[in-house]
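Peer 1: Protein chains in written order, with the UniProt record's numbering: chain A, 1 to 127; chain B, 1 to 127; chain C, 1 to 127; chain D, 1 to 127; chain E, 1 to 127; chain F, 1 to 127.
Mixed in with the good hints, there may be bad ones.
No copy labels: a pair is met if it fits in one copy or bridges any two.
Pairs of lysine to aspartate or glutamate residues, derived as EDC-like cross-links and limited to a Cα-Cα distance of at most 20 Å, are as follows [as the list claims (entries may be wrong)]:
1) Lys-121 - Asp-38
2) Lys-121 - Asp-41
3) Lys-81 - Asp-34
4) Lys-121 - Glu-30
I should point out that these hints are in silico values taken from the structure, not numbers from a laboratory.
There are 6 protein chains.
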Amino acid sequence: MTKIETESRRARGARLLAAIDGDGGERVVESLSDIAPDFADYLLEFPFGDIYAREGLDVRAREIATIAALTAMGTAPAQLKVHIAAGLNVGLSRDEIVEIIMQMAVYAGFPAALNGLFGAKEVFAAR
Amino acid sequence: MTKIETESRRARGARLLAAIDGDGGERVVESLSDIAPDFADYLLEFPFGDIYAREGLDVRAREIATIAALTAMGTAPAQLKVHIAAGLNVGLSRDEIVEIIMQMAVYAGFPAALNGLFGAKEVFAAR
Amino acid sequence: MTKIETESRRARGARLLAAIDGDGGERVVESLSDIAPDFADYLLEFPFGDIYAREGLDVRAREIATIAALTAMGTAPAQLKVHIAAGLNVGLSRDEIVEIIMQMAVYAGFPAALNGLFGAKEVFAAR
Amino acid sequence: MTKIETESRRARGARLLAAIDGDGGERVVESLSDIAPDFADYLLEFPFGDIYAREGLDVRAREIATIAALTAMGTAPAQLKVHIAAGLNVGLSRDEIVEIIMQMAVYAGFPAALNGLFGAKEVFAAR
Amino acid sequence: MTKIETESRRARGARLLAAIDGDGGERVVESLSDIAPDFADYLLEFPFGDIYAREGLDVRAREIATIAALTAMGTAPAQLKVHIAAGLNVGLSRDEIVEIIMQMAVYAGFPAALNGLFGAKEVFAAR
Amino acid sequence: MTKIETESRRARGARLLAAIDGDGGERVVESLSDIAPDFADYLLEFPFGDIYAREGLDVRAREIATIAALTAMGTAPAQLKVHIAAGLNVGLSRDEIVEIIMQMAVYAGFPAALNGLFGAKEVFAAR
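Isolated chain A (complex conformation) (with noise of 0.2 Å):
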């Protein structure tokens, strides 16, 4: 649970940002340049510059927990698929990704299950 200092936290956050989101990332902070800039800036230092940036659990596991959390919460269809495809981009298997869409039946019920289900289908059709 070390915080890592070594870079400034927008700098790690952009790069982290980058490897993880891929495009999806970058069209949301270049989405929020005339609405609210340092919003973009929020987004880089705090969940990637000092979140996915820690140590302590790797950036599979925190994939695993945001699909999971974002289709239980049914809220933010449009970032759920970013995170899928991030899920792609750090080694989840389709497979995978469709178990934890399939898991949040039992906690959020079968709605959500098929919205987030749905949303996995787009992301893999544009693969």
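Once you have looked at the hints, place chains B, C, D, E and F on chain A.
Peer 2: What follows is chains B, C, D, E and F alone, placed relative to chain A:
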């Protein structure tokens, strides 16, 4: 993603519930015996007999997903504590569980993560 | 879908609240008398004086809907217990209430249904 | 609350899904055939083969509960529309469905009820 | 916290809805005229005729509260856009609205704030 | 919307947390010292050091937004009470706080508003 069919769903579910959730799971099943005994069957059969029994995602990954989802949802603190204990049972370290919960601040806000951490604190103290 | 206008909304609401929620509803109204007395009026007027007073859906069906919704939402366990008691008051059997709550496992997940069942257990035991 | 075991869960679920959800249910099952065929089985088996098949609550009451819950949750508008159509299939009138959804303004707020009503409008128009 | 009773609730609600939500509110009322005309009455009467008409909190503060709540809930993006426009109508600046939405990252997570910002972007562009 | 950088984020956050949340905030930070000390840092740095420190929205407006959001979400009653106290600390009157919470009945339903009012009652009584 093959379904294992060598054992009855209920027996397989009971075996997995005991292995994963330990005493916490057993107490839930017992507490249903008067109000809704059939629901105890469903709980053994679908979540454990069907979902947790699936190949394609190891139980460690499954508990990461569940801890993340229950922290993010924030509506089932008792079940979150059962799954924090389950996470320890299947090999997650305390630090890994703390990392998963902290990460939920990004997706579900700081109060959700704080409440998850306070739940973890109780579970860790009770061991 | 005609609105009944023969009685004041407040009087009609108070009558229906007493008939449906019994003591539980009265206690809620009393508990608002110091902090937000106007809100007690709104509670009598809109939910009970307007909505529950409407023709077009009998009160039994209305309590099915409310028990289902509060179980699925999971954020108002005290109000769910008031409406489980209300369900019994308007003629739902214990078994029917248990069925409604169990069904919510499908739409909102097993933890939501479990928490609803534990609430029902408390209400049934107190009768 | 006895479970019916005279037919396989899957066959019973498929029969009930067809009777209740009609085309909408079939389309959901088909749309899962490439991404998660096992999840189509679970959907037939647990919600329909287990829950909707249960005695103790008629299917009309079950659809009241489901329409209420999905309206209140607000996270699954497509599934809500499937169940508004299902409600009509099992004998709920348009007015009764509108009453159920309007009542959700009390428990989940006006936006949830408005979004449910707009969903109902689409379903009614398509008939 | 006194309730104003000099005007009918419906008339007062219609006046306030027009003043606050402008065209957006009128369109909602009109869209209910076929499916649930009584619900249009309730919408005018309770939220606007009762709540927004109350002394004790100015309408600027009320729109701050509503924008925050709808951003955090994440289940009613259309209504959030109506209230972002309403916020501008009652004197909130674009920057203030952006600040409110960004703050929701703390309480409801980054995806909720991002979706709120994208909604604001659409509303601002349409002016 | 400029970010103030004259003080370290952590120091600024600690200063603002003390000014806004008072004892309640300090207790949260202390309660994290054994389970997740880094999370206490993040809590000081991002919500308080970054967000509450921003120009463009005064702290009174920020607390209106937070009280509204936490009431509407209904998943963090302890944090809602901290922010009701914070609202009093930054100059909101008891009546204004009650108005904000009552208004949430419109957007998140009567149970959410009732639970918020009961939380306010506890905070007011403890002063």
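Peer 1: For each hint, tell me whether it holds in the structure or not.
Peer 2: Structure-based check of each hint:
no., hint, in the structure
1, Lys-121 - Asp-38, "between (33 Å within a copy, 15 Å between copies)"
2, Lys-121 - Asp-41, "between (31 Å within a copy, 18 Å between copies)"
3, Lys-81 - Asp-34, "between (23 Å within a copy, 18 Å between copies)"
4, Lys-121 - Glu-30, "between (25 Å within a copy, 13 Å between copies)"
Comparing the model with each earlier hint shows no violations; every hint is respected.
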